[in-house]
Structure formats: structure tokens, C-alpha cells
Amino acid sequence: MRWKPPRAAGQAIDPAAAVAGEALRADPEAAAAAARAYLARAGTHGSVSLSSDGTQLTVTVSGTYATKFLSVAGISSMGVSGHGSARLLHGVTQPE
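Just so we're aligned: 9 in numbering that gives the first Met the number 0 is position 10 of the sequence shown, and the numbers increase by one with no gaps anywhere.
Hints were generated in silico from the structure; no laboratory data involved. Backbone N, C-alpha and C define an ideal beta-carbon position, used for all residues, glycine too. It is possible that some hints are incorrect.
Per label pair, the in silico range of CB-to-CB distance [what the hints assert, rightly or not]:
1. Gly-20 with Met-77: 48 to 54 angstroms
2. Gly-73 with Val-18: 55 to 61 angstroms
3. Thr-63 with Val-18: 40 to 46 angstroms
4. Ala-65 with Ala-16: 14 to 20 angstroms
5. Ser-46 with Ser-70: 26 to 32 angstroms
Please model the entire structure based on the sequences and the hints provided.
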């Protein structure tokens, strides 16, 4: 699985604030829903959190990996986890 939940959620900006020029921030509910939908399509479980200012989204996933060679030693699976985050930036030539 390529790591795309934060990028998918980053597309969920708050359109009213962006159009009015007030701020460029993620809509918390839409961002979390987009990340969860991506995780569901990928068949994995995870948690989604958004910073209080609405500019950074963090996704943490966990699961079980079926081992190939360690099963000889009696280890048929291992727990795995990962996380990623995305920060919403805007600007023409550099982030503002």
C-alpha cells in the first residue's frame, strides 16, 4: 500500500474560509472522513487526528503481517504499525 491517507485527507480544505481568503485549513470532519475512507479501501485499520489549528493531519495504522521465513521458527505473524502526517501549506512561490 502506498502511503496516501494524509494526502487524501489534505484535499478536504474548508472551502468557505479558502474562497473568502481568511485561511487555508482542512475541514476536520471531511479530512478525517477522507483518511478513514482510504484506510477502509486499503483494508487496514487506523486512527486519524487533526491539529487544533486544522493545518496538520496525522494518520496511524496498525496490522498484522504474515511472515514467510520466520514461520519455520514458530513465528507465523508479526504486529506492524506506521504513521504519516501532512501539513497543509499554500503560496505561489513559497509556503506562507
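| said: Let me make sure I understand: some of the numbered hints might not hold for this structure. Which ones are they, in numerical order? | reply: 4
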